[in-house]
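For the record, the sequence lines run as chains A and B. Reminder that position 41 of the first sequence reads as 41 in my numbering, one-by-one numbering, no gaps. Position in the second sequence counted from 1, then plus 167, gives you my numbering.
There could be a bad hint or two in this list.
Here are the simulated lysine-lysine pairs, BS3-like style, with alpha carbons at most 25 Å apart [claimed, not checked]:
1. Lys300(B) x Lys227(B)
2. Lys22(A) x Lys38(A)
3. Lys330(B) x Lys22(A)
4. Lys2(A) x Lys22(A)
5. Lys38(A) x Lys330(B)
6. Lys220(B) x Lys185(B)
7. Lys300(B) x Lys330(B)
8. Lys330(B) x Lys2(A)
9. Lys227(B) x Lys185(B)
Think of the hints as simulated: they come from the structure by calculation, not from any bench.
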Amino acid sequence: MKCEEVSSELIEHLNQRADSAKRRDVEEHLAGCAACRKRAEELRGIWNVMDELPAVEPSFAFDARVRQRVAAEPRRKWFEFFVPQPRLALAVGLLIALMVLVMKLPLKNPGTTATTAATQQEDFNAIKNLGVLENYDVVTKMDALSELTPVAAQPEESPQSGTASND
Amino acid sequence: MLDVKAGDDSSFDFLLQKYRSPLVNFLNRMVRDSSTAEDLAQEVFLRVYRARKQYTPSAKFTTWLFRIATNVALNSVRDTRHRKMEVSIDAPTDDEDSRPMELRAPEKRIDEHLLERDRIETIRRAILALPEKQRAAVLLHKYEEMDYAEISRVLDCSESALKSLLFRAYENLRVQLAPLVAQPVAHRAGEGRPS
Numbered sequence: 001m002k003c004e005e006v007s008s009e010l011i012e013h014l015n016q017r018a019d020s021a022k023r024r025d026v027e028e029h030l031a032g033c034a035a036c037r038k039r040a041e042e043l044r045g046i047w048n049v050m051d052e053l054p055a056v057e058p059s060f061a062f063d064a065r066v067r068q069r070v071a072a073e074p075r076r077k078w079f080e081f082f083v084p085q086p087r088l089a090l091a092v093g094l095l096i097a098l099m100v101l102v103m104k105l106p107l108k109n110p111g112t113t114a115t116t117a118a119t120q121q122e123d124f125n126a127i128k129n130l131g132v133l134e135n136y137d138v139v140t141k142m143d144a145l146s147e148l149t150p151v152a153a154q155p156e157e158s159p160q161s162g163t164a165s166n167d
Numbered sequence: 168m169l170d171v172k173a174g175d176d177s178s179f180d181f182l183l184q185k186y187r188s189p190l191v192n193f194l195n196r197m198v199r200d201s202s203t204a205e206d207l208a209q210e211v212f213l214r215v216y217r218a219r220k221q222y223t224p225s226a227k228f229t230t231w232l233f234r235i236a237t238n239v240a241l242n243s244v245r246d247t248r249h250r251k252m253e254v255s256i257d258a259p260t261d262d263e264d265s266r267p268m269e270l271r272a273p274e275k276r277i278d279e280h281l282l283e284r285d286r287i288e289t290i291r292r293a294i295l296a297l298p299e300k301q302r303a304a305v306l307l308h309k310y311e312e313m314d315y316a317e318i319s320r321v322l323d324c325s326e327s328a329l330k331s332l333l334f335r336a337y338e339n340l341r342v343q344l345a346p347l348v349a350q351p352v353a354h355r356a357g358e359g360r361p362s
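If we strip away everything but chain A, and leave its shape as in the complex, we get (with noise of 0.2 Å):
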């Protein structure tokens, strides 16, 4: 056994609780070893030195403060284990309400959206038009309408044919 290792060894060496071949490696040890030797007896007299402090004993009082204490702690009543704790309840609520919230929000789904814009067009059209045909009027004159001539569309100016012009 090097002197190092006896170093860490001796605390335990001094309580006498190092096993047996721990304690005789150490003691062949400490038989060649001046150095080592003389450090165990230090420790050794600092072991004894703190055995001088007294032990203390605690005050007549102690006791009974203890169980004065003990008695003035609240007793769990049999229905408190169904109150929640007030942390419990508030992850519970707020879990509630936000799988609330998520079943209000409606679908991110972008074809539905499309679908949904094109019916209220088609709706908005049929309302626009609902006046013109209770007007009567409007409806009595509708067959003079047929007579009229188709008007062609015209074709668009080209922007080549307008650059020219400018020139």
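Got chain A sorted already, so can you dock chain B onto it with the hints?
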């Protein structure tokens, strides 16, 4: 403790009787004044009572008890240090009246008694001068006679870290207590003197 968990109050009384002295002694050596030590010991028993339903016998009861006690003591030491930064380490620890009853031999002469009191005060100061965790480790090792495995569970550290902690603690004590080791105990030295 399992009986206390089951609701048997007389078992709590048994625990109180069995562990109050070691607990008060440990706390008295951890903190500066004895009335605080008693208050802290009461607090420890109260915490044991409050936590009785959560107690699981995975370790020795003393390990659990002293773990609570160490945490309570360390918190108190840190709080006191913040409150009383101006108090010197050399200041008297507490007044004579507030000290707990020490078990002394009544037949000692007054000079022997004074010398013995000085020695005790030196030892007490040397222990109190240790950093808190070293102090707890030394007290559990020396006075509560716990082994490395148990102390490491109380202090929540590895055994190798504990060995290093104890080594440093006893090194500090070796320096602080060297004069007492060299000087013989007063009443033993005076045994041969004529009265």
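Here is what the structure says about each hint:
1. Taken as a hint, the Lys300(B) and Lys227(B) pair is honoured in the structure, with Cα atoms around 21 Å apart against an allowance of 25 Å.
2. Note on Lys22(A) and Lys38(A): the hinted pairing holds, with a Cα-Cα distance of about 19 Å set against a maximum of 25 Å.
3. Note on Lys330(B) and Lys22(A): the hinted pairing holds, with a Cα-Cα distance of about 16 Å set against a maximum of 25 Å.
4. With a C-alpha separation of about 13 Å, the suggested pairing of Lys2(A) with Lys22(A) holds against the 25 Å cut-off.
5. In summary, the hint linking Lys38(A) to Lys330(B) is supported, as the alpha carbons are separated by about 20 Å, within the 25 Å threshold.
6. Restraint check for Lys220(B) and Lys185(B): satisfied, since their Cα atoms lie roughly 20 Å apart, inside the 25 Å limit.
7. Distance hint between Lys300(B) and Lys330(B) is fulfilled; the C-alpha atoms sit about 12 Å from each other, no more than 25 Å.
8. Between the alpha carbons of Lys330(B) and Lys2(A) the distance comes to roughly 17 Å, so the proposed pair stays at or under 25 Å and holds.
9. With a CA separation close to 15 Å, the supplied pair Lys227(B) and Lys185(B) stays within the 25 Å bound.
Of the numbered hints given earlier, the model fails none.
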